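Peer 1: Given next are the chains, with one letter for each unit.
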Amino acid sequence: MVSPAVFLLVMFIVIPVVLAFALAFTNARLVSPNPAQFTGLQNFRTLLDDPLFYKSLRNTFYFAVVVVPLQGGLALVLALLVNAKVKGVNFFRTVYFLPVVTSMVVVSILWTLLYQKTGLVNEIISRLTLGQVQGPDWLTNPSTAMPAIIVMSVWQGVGFHMVIWLAGLQTIPQDLYEAADMDGATRWVRFRHVTWPGLSATRTFVLITITISAFALFTQVSVMTQGGPLDATSTVVYQAVRTGYSQQQTGYASAISLVFFVLVLAVSLVQRFLTREKD
Amino acid sequence: MTSVSPAPAPPPTRPGRRRWWPSPRRIGLQAARIALALFFAFPIVFMLVSSFKPDEQIFGDLGGIKAFLPVGALSLDNYTGVFDRVPAVRFLLNSIGISVITVALSIFINSLAAFALSRMRWRGKKIVLTAVIATLVVPFETYALPMVWWVNKLPWLQLEGGRLIVTEGWLDTYQVQILPFVGNALFIFLFHQYFQSIPKELDEAAVIDGASWFGIYRRIVMPLSGPAIATVAILSFLPMWNQYLWPLMVVQSEELRPVMVGIDYFFQLNPSWGEVMAYSSMITVPVLALFVAFQRAFVSSIASSGVKG
Numbered sequence: 048m049v050s051p052a053v054f055l056l057v058m059f060i061v062i063p064v065v066l067a068f069a070l071a072f073t074n075a076r077l078v079s080p081n082p083a084q085f086t087g088l089q090n091f092r093t094l095l096d097d098p099l100f101y102k103s104l105r106n107t108f109y110f111a112v113v114v115v116p117l118q119g120g121l122a123l124v125l126a127l128l129v130n131a132k133v134k135g136v137n138f139f140r141t142v143y144f145l146p147v148v149t150s151m152v153v154v155s156i157l158w159t160l161l162y163q164k165t166g167l168v169n170e171i172i173s174r175l176t177l178g179q180v181q182g183p184d185w186l187t188n189p190s191t192a193m194p195a196i197i198v199m200s201v202w203q204g205v206g207f208h209m210v211i212w213l214a215g216l217q218t219i220p221q222d223l224y225e226a227a228d229m230d231g232a233t234r235w236v237r238f239r240h241v242t243w244p245g246l247s248a249t250r251t252f253v254l255i256t257i258t259i260s261a262f263a264l265f266t267q268v269s270v271m272t273q274g275g276p277l278d279a280t281s282t283v284v285y286q287a288v289r290t291g292y293s294q295q296q297t298g299y300a301s302a303i304s305l306v307f308f309v310l311v312l313a314v315s316l317v318q319r320f321l322t323r324e325k326d
Numbered sequence: 093m094t095s096v097s098p099a100p101a102p103p104p105t106r107p108g109r110r111r112w113w114p115s116p117r118r119i120g121l122q123a124a125r126i127a128l129a130l131f132f133a134f135p136i137v138f139m140l141v142s143s144f145k146p147d148e149q150i151f152g153d154l155g156g157i158k159a160f161l162p163v164g165a166l167s168l169d170n171y172t173g174v175f176d177r178v179p180a181v182r183f184l185l186n187s188i189g190i191s192v193i194t195v196a197l198s199i200f201i202n203s204l205a206a207f208a209l210s211r212m213r214w215r216g217k218k219i220v221l222t223a224v225i226a227t228l229v230v231p232f233e234t235y236a237l238p239m240v241w242w243v244n245k246l247p248w249l250q251l252e253g254g255r256l257i258v259t260e261g262w263l264d265t266y267q268v269q270i271l272p273f274v275g276n277a278l279f280i281f282l283f284h285q286y287f288q289s290i291p292k293e294l295d296e297a298a299v300i301d302g303a304s305w306f307g308i309y310r311r312i313v314m315p316l317s318g319p320a321i322a323t324v325a326i327l328s329f330l331p332m333w334n335q336y337l338w339p340l341m342v343v344q345s346e347e348l349r350p351v352m353v354g355i356d357y358f359f360q361l362n363p364s365w366g367e368v369m370a371y372s373s374m375i376t377v378p379v380l381a382l383f384v385a386f387q388r389a390f391v392s393s394i395a396s397s398g399v400k401g
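Which chain is which? The protein sequence lines are A and B, in order. Just so you know, this note's numbering puts the end of the first sequence at 326, numbered straight through with nothing missing. Just so you know, this note's numbering puts the end of the second sequence at 401, numbered straight through with nothing missing.
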């Protein structure tokens, strides 16, 4: 009875993963009459000489370094705000979660329009600053394109992690708070010594899931900027897809995918280690 | 910062006083909640409202609150415009078919595996369970590109002119959009967790009554597993409906395209804003409606995907 599931997992996860390792050392092409040849470390050598790869790597880190604390932190603030027993709290939870059930493709298209020079975002900025600030054409400017994608990505994803934090908050026993109140703890002390330690498992999970999805940044770039302007938003996964799919170089793309995998694995191991150390 | 526990009981004041004069802290927190709600809602409201407006009016309304209000010359022209330019109905039907079939297969196959892992006694069970869970470590993006190469080599049986023939390569088919996403370690794990909570005495009673393993699965375990089934249905439906990277690479023909790839191509055609908003609303509103209707189930399944291990 396990065999259908195991068969599918082997066919569509195990074999492709093994292939990623194997093809990275070959010159395999997506459609080619010739069988793939073993080329040793050639793909990795090409990669090290590829200026686009360094740009993609830098952009991926830039995105992750900003998004992980921003999204994780904002999600926690949202969770704390809607964890109170206040009227209408369910309504707020629903609204904060709406972007999560909206597809990233739709969100990217929608925000591409909002981010135009004469778009809604700049109108709102201009209104809020009483006409003092005129926003740029966000996505065609190399210095604002990535920040624009970051804000939009956080907007879309933060509700998901709010729900995870909320689930964590609800596992903290109520009597710990009562005990803290009896000791006359301030709100900050209560947060620091009851809530924060109580969330340690949730924290690791939130951190690692945001990091992995941040490193995998692809959809937003593919829809909004195609890696531009001037490669300012090209990412590791975007480059892998472009070489592997558009240019059909499966071998080279597998090498890039491997780098991505090693990156994700290393970062999550480090995070797991650091968060475990503190507890 | 904010407090976590339910708001502490207010000091005993004259009854009814609090309702009229909440503390500044409460007002501040509520204001923050409302400001955030506006931040999360404004693009979606703008999308829905603009889908009924001609472009001149969308731009004309940008400067004020009217951008978020359904006022002016509202019509369905944008929607008919979308259907005139691309086979949007076809894309919708493709996505509905692909998602529904994947969800159904996924529930059946993964629950069956979880049943064997939870209920039956056999050698190597522990190793299989560990190996299954280990597949969760690898993100899809790691093996997506080698997998394109791989599925291009796979055989498939096809009925042509009354006889079965073997074809090579899954690119540009429906099965390539479905089968890779049926087997799922997280779903096996979730079903396994749930099945462990169903008392085993129930199966023993059924065995005495002469039930087979499959009979126990079908008549006892599955009917008791409604919440787990709902969770898996939701967690597999959303990513299937939103599929983008994979079909972008493996589907070329227009008639096999799912909605998200369809709207991406549509967007590259430089259509009017109103039409983009109409198409976006069309593929978003059904999911939002499902979410609002089954909110509790959605949120609890998302939360359960977070309580691994």
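Read the hints as simulated data drawn from the structure, not as lab findings. If you're wondering where the values come from, they're calculated on a predicted model, not measured in any experiment. Watch out, some of these pointers could steer you wrong.
So the derived label-pair ranges between C-beta atoms look like this [what the hints assert, rightly or not]:
# : chain 1 : residue 1 : chain 2 : residue 2 : range
1 : B       : Val192    : A       : Phe320    : 22 to 28 Å
2 : B       : Gln288    : A       : Phe68     : 48 to 54 Å
3 : B       : Asp169    : A       : Arg105    : 41 to 47 Å
4 : B       : Gly156    : A       : Phe68     : 53 to 59 Å
Cβ atoms here follow ideal geometry from the backbone N, Cα and C, with glycine treated the same way.
Peer 1: Take the hints in turn and mark each one as holding or not.
Peer 2: Results for each hint:
1. Hint check: Val192/B to Phe320/A, Cβ distance near 42 Å, so the stated range 22 to 28 Å is violated.
2. Checking the proposed 48 to 54 Å range against Gln288/B and Phe68/A shows it is violated: the Cβ atoms sit about 35 Å from each other.
3. Here the CB-CB span from Asp169/B to Arg105/A is close to 45 Å, well matched to the stated 41 to 47 Å.
4. Taking 53 to 59 Å as the suggested C-beta distance range, the pair Gly156/B and Phe68/A conforms, at roughly 57 Å.
Hints 1, 2 from the list above are not met by this structure, while the remaining hints are.
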